[in-house]
Amino acid sequence: MSLTRKDVENIAHLARLAITEAEMPEYVDRLSKILHMVEQLDAIDTSSVEPMAHPLKGQVQRLRADEVVDSDQREKYQRNAVRVEAGLYLVPKVIE
Amino acid sequence: MTELHHLTLAELAVGLKARRFSSVELTQHFLSRIERFNPALNALITVTGEQALQAAAKADQRLASGAATPMTGLPIAHKDIFCTDGVLTTCGSKMLSNFIAPYDATVVDRLSQAGVITLGKANMDEFAMGSSNETSWYGPVKNPWDLTKVPGGSSGGSAAVVAARMAPASTGTDTGGSIRQPAALTSLTGIKPTYGRVSRYGMIAFASSLDQAGTLTLSAEDAAMMLGAMAGFDPRDSTSVDAPVPDYTASLDQPLAGLKIGLLKEFFEKGLDEANGKLVRDALKVYEALGAKLVEVSLPNLPLSVPTYYVVAPAECSSNLSRFDGVRFGYRCEKPVDLLDLYKRSRGEGFGAEVKRRIMTGTYVLSAGYYDAYYLKAQKIRRLIADDFERAFGEVDVLIGPTSPTPAFDIGAQTDDPITMYLNDIYTIGANLAGLPAMSIPCGFLGGLPVGLQIIGPHFAEAKLLNVAHRYQQETQWHKQIPAGYE
Chain A
1 MSLTRKDVEN
11 IAHLARLAIT
21 EAEMPEYVDR
31 LSKILHMVEQ
41 LDAIDTSSVE
51 PMAHPLKGQV
61 QRLRADEVVD
71 SDQREKYQRN
81 AVRVEAGLYL
91 VPKVIE
Chain B
1 MTELHHLTLA
11 ELAVGLKARR
21 FSSVELTQHF
31 LSRIERFNPA
41 LNALITVTGE
51 QALQAAAKAD
61 QRLASGAATP
71 MTGLPIAHKD
81 IFCTDGVLTT
91 CGSKMLSNFI
101 APYDATVVDR
111 LSQAGVITLG
121 KANMDEFAMG
131 SSNETSWYGP
141 VKNPWDLTKV
151 PGGSSGGSAA
161 VVAARMAPAS
171 TGTDTGGSIR
181 QPAALTSLTG
191 IKPTYGRVSR
201 YGMIAFASSL
211 DQAGTLTLSA
221 EDAAMMLGAM
231 AGFDPRDSTS
241 VDAPVPDYTA
251 SLDQPLAGLK
261 IGLLKEFFEK
271 GLDEANGKLV
281 RDALKVYEAL
291 GAKLVEVSLP
301 NLPLSVPTYY
311 VVAPAECSSN
321 LSRFDGVRFG
331 YRCEKPVDLL
341 DLYKRSRGEG
351 FGAEVKRRIM
361 TGTYVLSAGY
371 YDAYYLKAQK
381 IRRLIADDFE
391 RAFGEVDVLI
401 GPTSPTPAFD
411 IGAQTDDPIT
421 MYLNDIYTIG
431 ANLAGLPAMS
441 IPCGFLGGLP
451 VGLQIIGPHF
461 AEAKLLNVAH
471 RYQQETQWHK
481 QIPAGYE
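If you read the sequences in order, they're chains A and B. Counting from 1, position 14 in the first sequence corresponds to residue 14 in this note's numbering; the numbering is continuous, with no gaps. Counting from 1, position 456 in the second sequence corresponds to residue 456 in this note's numbering; the numbering is continuous, with no gaps.
The shape of chain B in the complex, shown without the other chains (with noise of 0.2 Å):
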């Protein structure tokens, strides 16, 4: 038999309906791996094995009774930024290394409901701020294809959890590549839904107008799956757009003879690694023979997406993270003299540097006599960049183009520089902006390093755009490889 941690989603959910193998020993063959291969990855930070295995046996029971749906006895991992009832949830910080979430997220809720099982809580960047998983409290997440790189970030736990196979799929959050560099970087499909597609309650904000959940697979067709499970209006998200979710498994196989596909005159210029480049132009070439058609296009204002963002992004982080106060939850510092003195001194020693690089930036940008010619500023470039993305998918069904500039680089390498760290997302922070919906697929390696390839849609395409990555994933079999030690 065919390794249990070889298969898709899709692949188990087939086993788990002809009783082939049951959700429990399922779990089981996850949790031994993820104890065999995760102190050295540090991917999780939470195991919950013994819920799993509750629920697990549940979840047996439910597809014996014929009452499951097509998630019923799946084992993932949850991104440690989504609140899990009663479960230790720390965003990857020291503020929260106390906090046991009260409540479940919607997307937690979602996929419980369905039958889904959760493994445990995916180590991140802090406050999910960061491209390399190396601003976490509970330390850096190493990359399966090699222990001495980053996995990317801030999603770096749920994908090195997923590139290991220490679980088929996990959950992540993209607020400007944060599922897509880390999926590009190690070897897996990613997808991060329209801004409004998927319930944002009970996942801890970085920024508001730009975070969005989504999903780090083995396929097209698992990310298929499991973003329909989570999709959907959610009253309590006052952002959640009210719009039916289509089956996204219904259109994966569709012909793309005619497909109009955009290449990026601006990705494909300054800072994409030549061999990098090549492979994108390789992905292109099996769309080609795929009946699409390649056209170029220019979004003249996209090279001002990571200046917009850090205005942007910081600002709002600034807003949301006024709440961690050392009052009602989260770390408090010993012996405040004052009330100001336990504000200042509780945020001063529960939050690391990156994160509080981004908040007095946003505190600074949001002042006074500043908010006009930075933030007022960047709102409006914000729209430039949009309307650019609006007036390309006049033209084009997709745009195609890299994910991330280079392949994962050394753990410590960019740690000292904030702004090489943030070119990092050059690629795919204007999908962000845009409210787009954007995936990154494997398209190939580099050094025996993966590269991704970085597929974007107008606005709720994301049946199109999981269509598009199904197929090239058909001719391909980038999607399939397994780091080695971990086969």
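Next comes chain A alone, as it looks inside the complex (with noise of 0.2 Å):
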């Protein structure tokens, strides 16, 4: 499958990439590169069989009661940010 310039887009779109007009074409080229590659797997027949979710049979993920387990580390991970005042994460205004 060959992807147009439209169809990239629409994914980088999706994936919120910046794509600039000089990468484009060789993202287009490339990726239908992969996804032809892909394509090898459809020849096989797998009507009858389980997609696998987790690769050890038998097992599932684990979950655990919603409990504070860990203090208040809000100004040291916020030291991370580029932006932040009064203890909020500072972005372009969203709403007017």
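Incorrect hints may have been included.
[Claimed, not checked] One side of the interface only, derived from the structure: several residues of chain B facing chain A at Cβ under 7 Å: (1) Phe99; (2) Phe329; (3) Arg347; (4) Ile419.
Bear in mind the hints are in silico, worked out from the structure with no lab data behind them. Since we're looking at a predicted model, the values are computed, not measured. The beta-carbon is built from N, C-alpha and C at its ideal position, and this holds for glycine as well.
Build the complex: two chains, separate frames, hints provided.
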């Protein structure tokens, strides 16, 4: 399957990635090549196969009680943010 | 006295216990080698010299007080995918080039608790996506065996730092071969344990159903020691397996008489360099001499592992990497006009080309109308591949074959074609898809470049793999070779 420029623009939008004009032809070409390689899978009949979601048989992801187990470390965590104020993360205005 | 950097972890541990040298002396020795060799190799992104010497002084006290573990006082490097509290943790990306981890990964925490010293953080392919360490925002890592060659990837820095004897061991992660392939290309012993054996908590996620942490060391004995200190149940990783960790060092010497080794027909077919294949066959003769029996087995669906992987891994990556939004941590673009612009440009500018390719591939295969055709299809074929392995392990104890189709290639040789680069992992990806433990050990040289032998086992057979690797290393000297200039 070959992707068009419009396909790639749409995918980039869904993925929230800004792709420059200059980069675009390369992504169209290489993503098409990757999908073409993946098409080998179409030749296999999988109608009676159960999809595999976990690499270990019989293992399921554990659940835990929704309880507070850690202390508040907001200040430490917010040191990694580019813009914070009064304990809040700042972004461009969303609501007019 | 033998140079300290010629010694394995096991040998260094003996020296520390006997007080022949202190942890501070040992740490200082490796820090000075880092200072000397790292500028040309680019293997470490961050060197934590001061903290390392402080931790070494504490380890010396612990050694003197008799409260030491087998790992106390030994210095190592961590792949820069593991969060280290208070230390820059970049994952090889511009996106995290300003990220000071606010906590330790469980792997880091366990090793620190055991008294292990962290020398620094190793370079890697960006977000562990690559097989040559060329996608790192911090630049490519050079292979100590030949500076014009790649060291493999994604744990390329972890491999180069040990191969150049700037550290006696390092941590790595393996999603499709990222420990085994660099180990093969730099003449090291690398192990990727069973999925769920080592905690993924604090290990920056790439593809969560495939990622697993392991080690790069100078011997199987060292891998047994270090893995034992890392492995085990962690309630903070929901896929961590609650099963006891055996003493991997206890079974290293078991005889191999009667061991059934499966030779994967598909591994010796297309794509394998002929001379490379001969070295693998020579290694099999060593095993025959030790009493092992060779049986040819076929995994008919194995050739589908590369296309299957390149649906499953990008899908999981696109989901995992959605957390990098330019708001709470990581890179943020200049002067965003609105929130959408902030997201798009922070991500567009913060991620490199290979990461963006995989995010977009993953976004596409998960998108409405394509999910069944790509993602569900790949999950089904993943089951067929896992079933093939299960059948094979009904007949044989371990599978042995090549790790990588060729020795180390030239820096820049494969960067233009993602598919060629992806095929470097043709022999390693299967174990990740099936969640199996697998190792690479040195088995010879081609034109002065190392070649690796891969050993794959059934789930939780790490002790057997290490035993099989160790017995080979008792008979051969390949793992003891040091690249010229680093003696």
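query: Of the hints stated earlier, which fail here?
result: none
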